[in-house]
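Protein chains: 2
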Amino acid sequence: EIVDAVVGTLNQTINTSDVEQQLAGKRVLITAGPTREPLDPVRYLTNRSSGKMGYAIAEAAAAMGAEVVLVSGPTQLSVSDHIKRVDIETAEQMLSAVTSEVENCDIFIAAAAVADYRLKEVATKKMKKQGSGLHLELEQNPDILATTSIANPDLFTVGFAAETNDVIEYATGKLKRKQLNMIVANQVGINKGFDKDSNQVDILTADGEHITLPEMNKKQLAFDILDIICQTYHKEKPHAL
Amino acid sequence: EIVDAVVGTLNQTINTSDVEQQLAGKRVLITAGPTREPLDPVRYLTNRSSGKMGYAIAEAAAAMGAEVVLVSGPTQLSVSDHIKRVDIETAEQMLSAVTSEVENCDIFIAAAAVADYRLKEVATKKMKKQGSGLHLELEQNPDILATTSIANPDLFTVGFAAETNDVIEYATGKLKRKQLNMIVANQVGINKGFDKDSNQVDILTADGEHITLPEMNKKQLAFDILDIICQTYHKEKPHAL
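As given, the protein sequences belong to chains A and B, one line each in that order. Just so you know, this note's numbering puts the end of the first sequence at 241, numbered straight through with nothing missing. Just so you know, this note's numbering puts the end of the second sequence at 241, numbered straight through with nothing missing.
Stretches of chain B that chain A covers, calculated by requiring three or more beta carbons in the stretch to come under 8 Å of a beta carbon on chain A: (1) 32-45; (2) 112-118; (3) 136-146; (4) 161-175.
Everything labelled a hint here was simulated from the structure, so no lab data went into it. Built from N, CA and C at the ideal position, the CB exists for glycine as well.
Can you build the whole structure from these sequences, using the hints too?
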């Protein structure tokens, strides 16, 4: 049935005025974009996430009737006025924003590409060259997805796994380890996934479903992902929708 | 006399149609933006340079009659069609582009914020978390400005020094060590310099001049910097202009 629903929406053009209000009355929290982990006041570590997937999900969720909060790293994108956007730079700031916004949320979709590591010590002045080599000591950032999922067992939590290799294997591990309801897995690399307008994903759910979607525009994909979220959410919480 | 010229241009509005063609017949090579130094296919080290200063200088030099080549790191900016733009990501790619473009150039203006260091080994697959800590081994990038300046003694070479502290001291050292004709020094930090539309700079020349310009719009500043470059170039090479 899920596959049918997906193929159905694939053949539809997106006309937000006649989107079914499947998420009416729901509060959806979404993260998007990269984080930046500073080395000093001018340098930082980051990644190639453009934020396009997360922003598309935020717009689609709003079109489906949800009240949307978008916690976003630095991107070049803008969102509709009725979406509450909270801008952050670092993973720590993202965790703090998510923790304050998650209360009363029904669904959490973590589409941000959060930096796994940050600098152990951030220089307050611009670092000067120190000979031919430099060692950077990094420490792990908080795991925003796992922290939020485990602290909020009633929250329907969706993660993303962007991998260059062994995509399904890593995604399955992440789904279980972080106690997610669903994970959206995609391959990234040269000209794939990040900073592109289209994407090809696999969706895995906690109860063992595996849906392979064809490559499509991220805006269309956002609606398909949300349709699958609604159906899975409904199955797990028949009283809720 | 230089200070008078500067104050003169400050009070002018920029109307590119009546800009004096001081750079007619000159070939000017400009670098702009940050570089990105990859850790793996998705992560990289970079800095907060927006490219605005270098792009403004490229446009101003073209308006003053120069043939302009712009070697640019990743930015959100565009340039006029008559400017040749070469896009690169890493410092090594920037050096390679500069080395192929510098022949027959009269003036080289290095406004890019080149990463001093790159990863010693770039992972070909996305790195996975490896416990609580991570060491990154960095090695020095080529010094594009010094390499180009020293290999081309007849090239009029202008560097930039963006510093959080001891700005004039660092800039003076860089001017001498890299055998530059001129250096443009400015302070950067929170809300200063990088990614802003205005800037306040000091200009130091190899023959000991020190000009402090007031804070101004980067587009106006570009014309003022080029005016000072033309005057200094003229003094050093009276046969050339």
